[in-house]
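J.: End of the sequence shown = 913 in our numbering, gap-free, step of one.
Just so you know, the hints here were simulated from the structure itself, not pulled from any lab data. There could be a bad hint or two in this list.
[As the list claims (entries may be wrong)] Straight-line Cα separation of at most 16 Å, EDC-like style, residue types lysine to aspartate or glutamate; simulated pairs:
(1) K781 <-> D728
(2) K781 <-> E814
(3) K758 <-> E732
(4) K758 <-> D728
(5) K781 <-> E734
(6) K758 <-> D724
(7) K781 <-> D862
(8) K758 <-> E814
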Amino acid sequence: MTTTTSTENPAGIYVLAAHPHWRDSRVNRRLFAAAQRAPGVDANDLYGSYPDFAIDVEVERERLARANLVVLLHPIQWYSMPALQKLWVDDVLGYGWAYGPGGTALQGKDCWLVATTGGPEPSYHPQSYNRYFFDAFLPPYEQTAALCGMRFLPPLLLHGAHRASEAEVAAHVEVFAQRLGSYPAWPEMDELDVCIACPVPETDRPAESDDVSKVVAGAFHTAMTHGLAVANGSSSNNKAA
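Build the full structure now, drawing on both the sequences and the hints.
T.: Structure (structure tokens):
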């Protein structure tokens, strides 16, 4: 798939599409094509942009900075997002940039999940094989948005995508295109509160690689010093004996 970037993006919409097998896609491929056609939408095929999984963090952050709405477009795989989308979250949404002290780059933006599932909607039920209603799998998405100070908008979902009729797929794509075109004038927006980023104490921050190196080096130095002292003491005792 081809990634498209609009130079005029008044609504500020960044669509991140993550599908590892576009040729097999019935729905996501058409949703992404609709995003590419939409005026003022920056549409990025992650698997096309980063086939080696080497994500350009600075480029991604620049694209996010221009966006008011971030769209996560992908099939649900093992009750979560595809691997490259997860890597994107890990690499791009860094401490001190997206969350934590000074990490306010995404504060006030909106996050919208547009996803498909293989199982039909009735399969997401306590009495069926997926064992939970689909909402039970949304907290990781919701909390990721909340930690960064983003509103998590009601998802757009299509269950049983591989069995959906042509009419159902076409209607779903049309709804998606209309939503992109009308953002932010969505009826439910007035009912959604602004999300304030969750504070993260500096004591809870992830250790930087340099910090880890210092800890390891310090521990190694202590162990070596202690080991030499013990060895010298043993040598003296042996001589005395």
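J.: Evaluate each hint against the coordinates.
T.: Against the structure, the hints come out as follows:
With a C-alpha separation of about 21 Å, the suggested pairing of K781 with D728 is violated against the 16 Å cut-off. Simply put, K781 and E814 have alpha-carbon atoms about 13 Å apart, close enough for the 16 Å limit, and the pair holds. Distance hint between K758 and E732 is fulfilled; the C-alpha atoms sit about 14 Å from each other, no more than 16 Å. Taking the CA atoms of K758 and D728, the gap is near 14 Å; set against the 16 Å cutoff, the hint holds.
For the suggested pair K781 and E734, the alpha carbons sit about 14 Å apart, so the restraint of at most 16 Å is met. The suggested pairing of K758 with D724 holds, with an alpha-carbon distance near 15 Å, which does not exceed 16 Å. Annotation: proposed proximity of K781 to D862 holds, straight-line Cα distance about 15 Å (limit 16 Å). Proposed proximity of K758 and E814 is supported: the alpha carbons are some 14 Å apart, at most 16 Å.
Taken one by one, the earlier hints fail for this structure only at number 1.
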